[in-house]
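Participant: Just so you know, the sequences run in chain order Y and D.
Residues in the first sequence are numbered from 1 upward in steps of one, following the numbering used here.
Residues in the second sequence are numbered from 289 upward in steps of one, following the numbering used here.
Certain hints may be false.
Claimed, not checked - Coverage of chain D stretches by chain Y, computed from C-beta distances (three or more under 8 Å per stretch; other residues unrestricted):
no., segment
1, 342-348
2, 548-561
3, 582-589
Said to hold, decoys possible - Derived pair list, reagent style SDA-like, types lysine to any residue, alpha-carbon separation capped at 25 Å:
no., chain 1, residue 1, chain 2, residue 2
4, D, K384, D, D468
5, Y, K75, Y, K117
6, Y, K117, D, A343
7, Y, K117, D, I595
8, Y, K117, D, L359
9, Y, K75, Y, E63
10, Y, K202, Y, E177
11, Y, K202, D, T423
12, Y, K143, D, I371
13, Y, K75, D, D468
14, Y, K232, Y, T244
15, D, K384, D, N577
16, Y, K117, D, N324
17, Y, K202, D, P333
18, Y, K143, D, N324
19, Y, K143, D, F354
20, D, K384, D, F592
21, Y, K232, D, N324
22, D, K384, D, F576
23, D, K387, Y, P246
24, D, K384, Y, G130
Said to hold, decoys possible - Counterexamples of contact, computed for chain D against chain Y with all Cβ distances above 12 Å:
no., residue
25, Y376
26, L379
27, E383
28, A393
29, G457
30, S472
31, P528
Rather than coming from a laboratory, the hints here were simulated on the basis of the structure.
We treat Cβ as the ideally placed atom computed from N, Cα and C, and that holds for glycine.
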Amino acid sequence: MTAVRAPGATPSAKSRAPKRPLVYVLLSLGLLIMSAPFLWMALSSFKTPSELSAGPPVWIPTEWTLGNFRELLDKLDLPLYFMNSVIVAVLVTVSNLVFCSMLGYALAKLNFVGRSKIFGLVLGALMVPGNLMLLPLFVLMSKLRLIDSYAGLVLPFAAGAFGVFLMRQFMQSIPDELLEAARMDGAGEWYIFWRIVMPLVKPALATLSIFTFLGSWNNFVWPLIATNDPDKYTLPVALATFATDPNKAGGSNGMLMAGAFLVVLPVLILFIALQRHFTQGIATAGMK
Amino acid sequence: MSTTTSRAAQPAKTRGGPGTPASRGGSRRGKLGVQNAAGWLFSTPFLVLFTVFMAFPILATLLMSFTDFGLRNVTRPWEARFIGFDNYVELFGDEKFLKSLFNTAYFVVVGVPLTIALGLVVAVLLNNGIDRARTFFRVGFYAPVVTTIVAVAVVWRFVLDPSDGLIAGLFSEVGLTAPDFLGSEALAMPSMIAMAVWRNVGTVMVLFIAGLQAVPTEVREAARLDGAGVWQEFWGITVPLLRPTLLYATVITTIGYLNVFEEPFVMTQGGPSDSTLTVSLNMYREGFNFFHMGYASAMAYVLFVVIMGITVLQLRLLKDNTE
């Protein structure tokens, strides 16, 4: 493309030409450091107890074993925690998709009294650290008898300010003429929102789903507080409780690595499969 | 449901087609009723959830911080006694709290600049230094961001294990003995900072890459034509043009780090001798282990005020330089 601009062609071609092997070396080294803990985790989870604590360290297991996974599944009901995590994450994601889009649409495309005030509220909510709400939320949920319930885990996250902000940004780019035309044809606002606007912002909905699902999947503090019954633990709560058990109820390093591996693996697969949405989503949210 | 009302407003719309300001004004007035109703209906779910699960708790935390709210008040909140500023006074004479404040500050003051600087370097190298395998590197550097903190903390605890850990293994390969990172008062916090940098550098990198791609290549080429070296180009062109991104990245990283909780919870439980006890972890313990909920609320508010203060300060400082 630089060739088109004749005068500029020479310098820009020159500036792009040098391959810098040093940069590749540096970045590869950085990448090795970034992936080392994951590799260590994955390899360790397949090691036998003797190899895990071998004198000169054993980097790659000589006899791969599933013993750690088996032992872990004996001690922890991982399928149950996995299901809890999935149910909570799906409910949180669906409600965010609907509620954040609704408000995003109103803020982007509807003229109504109080709109700028509500938008201010959303921006303010973005800044508030979640830790500020924990104590009264716990009291409130106890009063509502929602401790140890899915509702208690989902409701505080059912409509996040980030989602509203993201959806508003995307919906602003929809041409007003399109909506006006629909209104002239007699379409109601709900119809316009659900049938015209929502299909147009599918990429944004995908981004929002990924971020919300992940946020819920990785969420720790609130599920830790809002569950007492181990049967209602989500994966991170179960893993943390197991890992920090003061009685050391048998949480060997191999088992813990197997546990971490099982928690991290779905997320990593999801991320690698959908990686473009992640980086785009962050970039969009970052630019106001 | 609003179909009928929108039809009613239609004459106003058709009367004034697109064109003169006057006709546009007329149609807007006609639509106003419909859009008002629709706007508020579309806002209702968020507003209800926001009021119950955010606005109310924010206010309630403030109120609780002026009471002796304890375990028995979880079932009978209205019986909590109003004690004025006692919690706050006690807080600033509480050595444990002051220590947690100091630890959190340590974590932020060292961790944030490191995260930002490394994220910037990786972004510049990825964006300007190479032209192949960019996605591969970007995915690799970003991967820790998406992973569950709890799992990652469990992994790092083992990585840093003094006898069987990854670092200990590397040390023994070259004939050295690794220190007990998490068991040492001096090394526990730096270890946790290293982990936080490792986990968050990807976020900053992605933000900076987006910022860099908004810098017109012409600017950079012009600088090169004028004979600017790589270093001059970086400090003279790239960094100033990235100021808005720098601001945003610094603010969100600082807010995140001020709330640090999971890492010490899983890796050290605040130890050894409270050297990694952060404000959030302290608040959690006071509130949910000892049920000193009024006292913990005061902690939450002090942290909130600190966060707000620092955010405003950063916005001021970095914005002023942009203009």
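Participant: Confirm or reject each hint.
Facilitator: Here is what the structure says about each hint:
| no. | hint | in the structure |
| --- | --- | --- |
| 1 | 342-348 | holds (count 5) |
| 2 | 548-561 | holds (count 5) |
| 3 | 582-589 | holds (count 4) |
| 4 | D:K384 with D:D468 | holds (24 Å) |
| 5 | Y:K75 with Y:K117 | violated (52 Å) |
| 6 | Y:K117 with D:A343 | holds (15 Å) |
| 7 | Y:K117 with D:I595 | holds (23 Å) |
| 8 | Y:K117 with D:L359 | violated (37 Å) |
| 9 | Y:K75 with Y:E63 | holds (23 Å) |
| 10 | Y:K202 with Y:E177 | holds (20 Å) |
| 11 | Y:K202 with D:T423 | holds (23 Å) |
| 12 | Y:K143 with D:I371 | holds (24 Å) |
| 13 | Y:K75 with D:D468 | violated (29 Å) |
| 14 | Y:K232 with Y:T244 | holds (18 Å) |
| 15 | D:K384 with D:N577 | holds (15 Å) |
| 16 | Y:K117 with D:N324 | holds (14 Å) |
| 17 | Y:K202 with D:P333 | holds (21 Å) |
| 18 | Y:K143 with D:N324 | violated (35 Å) |
| 19 | Y:K143 with D:F354 | holds (21 Å) |
| 20 | D:K384 with D:F592 | holds (18 Å) |
| 21 | Y:K232 with D:N324 | violated (42 Å) |
| 22 | D:K384 with D:F576 | holds (17 Å) |
| 23 | D:K387 with Y:P246 | holds (24 Å) |
| 24 | D:K384 with Y:G130 | holds (23 Å) |
| 25 | Y376 | holds (15 Å) |
| 26 | L379 | holds (15 Å) |
| 27 | E383 | holds (22 Å) |
| 28 | A393 | holds (16 Å) |
| 29 | G457 | violated (3 Å) |
| 30 | S472 | holds (19 Å) |
| 31 | P528 | holds (18 Å) |
Hints 5, 8, 13, 18, 21, 29, counting from the list given before, are not met by this structure.
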